[in-house]
Amino acid sequence: MPGFRSITAYLPDRASTLGLGLLAEVFADRSHMGLPAFEVTICADRPGVVRTDLGLNVHVEHGLNRLAGGELVVLLPGNSFRSDVQAVVLDAVRAAHRRGAIVASHCTGSYFLAATGLLDGRQASTHWRFAADFATRFPAVHVRADDLYVDEGRIVTGAGAAAGVDMYLHLLRREHGSAVANAVARDVVVAPHRSGGQGQYITTPVPADPDDERLADVIAWAAGNLDRILSVEELAARALMSGRTFTRRFKAATGATPHAWLRDQRLRRAENLLEITDRPIEHIARDVGYASATVLREQFVKHRGVSPRQYRQTFGSTGRPVRSS
1 MPGFRSITAY LPDRASTLGL GLLAEVFADR SHMGLPAFEV TICADRPGVV RTDLGLNVHV
61 EHGLNRLAGG ELVVLLPGNS FRSDVQAVVL DAVRAAHRRG AIVASHCTGS YFLAATGLLD
121 GRQASTHWRF AADFATRFPA VHVRADDLYV DEGRIVTGAG AAAGVDMYLH LLRREHGSAV
181 ANAVARDVVV APHRSGGQGQ YITTPVPADP DDERLADVIA WAAGNLDRIL SVEELAARAL
241 MSGRTFTRRF KAATGATPHA WLRDQRLRRA ENLLEITDRP IEHIARDVGY ASATVLREQF
301 VKHRGVSPRQ YRQTFGSTGR PVRSS
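Using the UniProt record's numbering, the first residue of the sequence shown is number 1, and each one after it goes up by one.
Be careful, since some hints might not be right.
[As the list claims (entries may be wrong)] Here are the simulated EDC-like cross-link-like pairs (lysine to aspartate or glutamate), alpha carbons at most 20 Å apart as the crow flies:
#1 Lys-251 <-> Asp-278
#2 Lys-251 <-> Asp-146
#3 Lys-251 <-> Asp-264
#4 Lys-251 <-> Glu-233
#5 Lys-302 <-> Asp-264
#6 Lys-251 <-> Glu-234
#7 Lys-302 <-> Asp-151
#8 Lys-302 <-> Glu-152
#9 Lys-251 <-> Glu-213
#10 Lys-251 <-> Glu-282
#11 Lys-302 <-> Glu-282
[As the list claims (entries may be wrong)] Label-pair ranges, simulated between beta-carbon atoms:
#12 Asp-133 <-> Lys-302: 28 to 38 Å
#13 Val-301 <-> His-142: 39 to 49 Å
#14 Val-189 <-> Thr-277: 34 to 44 Å
#15 Gln-313 <-> Arg-82: 44 to 54 Å
#16 Ala-191 <-> Glu-213: 17 to 27 Å
#17 Arg-137 <-> Val-189: 27 to 37 Å
#18 Arg-51 <-> Asp-133: 19 to 29 Å
#19 Ala-191 <-> Arg-82: 25 to 35 Å
#20 Ala-260 <-> Glu-61: 53 to 63 Å
Calculated from the structure, these hints are not laboratory results. Note that the Cβ used here is the ideal one computed from N, Cα and C, for glycine as well.
Produce the entire structure from the sequences given, and follow the hints as far as they go.
The following block contains the structure:
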């Protein structure tokens, strides 16, 4: 099975209880479901008690030396993010990255990661509420305030609060394949992938009214008919809306245009078929609504960075995905 198995998470002072819970839930033991078993270790500045933002005391058995053992190192968020980070913490994270670990953070945990200098010259996400402050404190980092997560190879950052789940599922999908990520998402009862960015959560996206149910029905119908050519006009007609109204309401509800959403659904369906079937790529292309394997390959390379054949070789075998630095 490709991908990381050992995870070491750094728990800062006044750590986010939600952040710790999300990590524990996504990477819980599901080996009985035939899914990868992850070894999750929590460490802190030193062994002992760490107090969370809710006043809970978490007994942490390990100090920073455990960062040396994780294939995935996660810097969890906490309310102490505006405080100076101890040099020994920064050194430990840099050392983990040098030896080849994936280093990830989400929400205010991105402040700790930025303090290491590893984000300099890179793009990163954090909670939208702190994006302006983050950009001021770390001018060498290119902040993408609207993105739920940003993938820079062995450096991955996520947006605020529950967007940590999006980041973790992305890492599972990237390192273990979409079948594993989708199975975990189903067990956690969350969407396997949320299109769009965190900007859609800054204000309430769509007021509830009868149109919402029709829109949901059309989205479900489109997801079940990806092998067809689907136009905005046809989808809008099914929703009993004009094309302009449908596009506006669709983007408000999903964070993406109908075209972008359909492309993403087609590619995710193709990923799944490449993993769990031996169907020829030409047939898979038609199954997901593309005219030929050439078109599927163009879209796959553009949006996934690898060809369908390379993806199948990685996740349909015991090969390990290639990660950039």
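So, going through the hints one by one against the coordinates:
The suggested pairing of Lys-251 with Asp-278 is violated, with an alpha-carbon distance near 35 Å, which exceeds 20 Å. With a CA separation close to 14 Å, the supplied pair Lys-251 and Asp-146 stays within the 20 Å bound. Restraint check: the Cα-Cα separation between Lys-251 and Asp-264 comes to about 14 Å, which is no more than 20 Å; the hinted pair holds. Between Lys-251 and Glu-233 the CA atoms are separated by roughly 15 Å; this keeps the pair inside 20 Å, and the hint holds.
For the hint pairing Lys-302 with Asp-264, the CA-to-CA distance comes to about 12 Å; that is within 20 Å, so the pair holds. Restraint check: the Cα-Cα separation between Lys-251 and Glu-234 comes to about 16 Å, which is no more than 20 Å; the hinted pair holds. Distance restraint check for Lys-302 and Asp-151: the Cα-Cα separation of roughly 15 Å lies within the 20 Å cut-off, and the hinted pair is therefore satisfied. At roughly 16 Å between alpha-carbon atoms, Lys-302 and Glu-152 fall within 20 Å of each other, so this suggested pair holds.
Restraint check for Lys-251 and Glu-213: the C-alpha separation of about 15 Å stays at or below 20 Å, so the hint holds. For the hint linking Lys-251 to Glu-282, the alpha-carbon distance of about 31 Å lies beyond 20 Å, and the restraint is violated. The hinted pair formed by Lys-302 and Glu-282 meets the criterion: a straight-line CA distance of about 18 Å does not exceed 20 Å. Checked against the hint of 28 to 38 Å, the pair Asp-133 and Lys-302 passes, with Cβ atoms roughly 34 Å apart.
Between Val-301 and His-142 the CB atoms are about 24 Å apart, so this pair departs from the stated range of 39 to 49 Å. At about 26 Å, the CB distance of Val-189 to Thr-277 disagrees with the hint of 34 to 44 Å. Checked against the given bound of 44 to 54 Å, the beta carbons of Gln-313 and Arg-82, roughly 46 Å apart, stay inside it. A beta carbon spacing of about 18 Å between Ala-191 and Glu-213 agrees with the range 17 to 27 Å that was offered as a hint.
Distance hint check for Arg-137 and Val-189: the Cβ-Cβ separation is about 36 Å, which falls inside the suggested range of 27 to 37 Å. The beta-carbon spacing between Arg-51 and Asp-133, approximately 24 Å, falls within the hinted interval of 19 to 29 Å. A hinted range of 25 to 35 Å for the beta carbons of Ala-191 and Arg-82 is consistent with their spacing of about 32 Å. For the hinted restraint 53 to 63 Å between Ala-260 and Glu-61, the CB-CB distance of approximately 45 Å leaves it violated.
The earlier numbered hints that this structure contradicts are 1, 10, 13, 14, 20.
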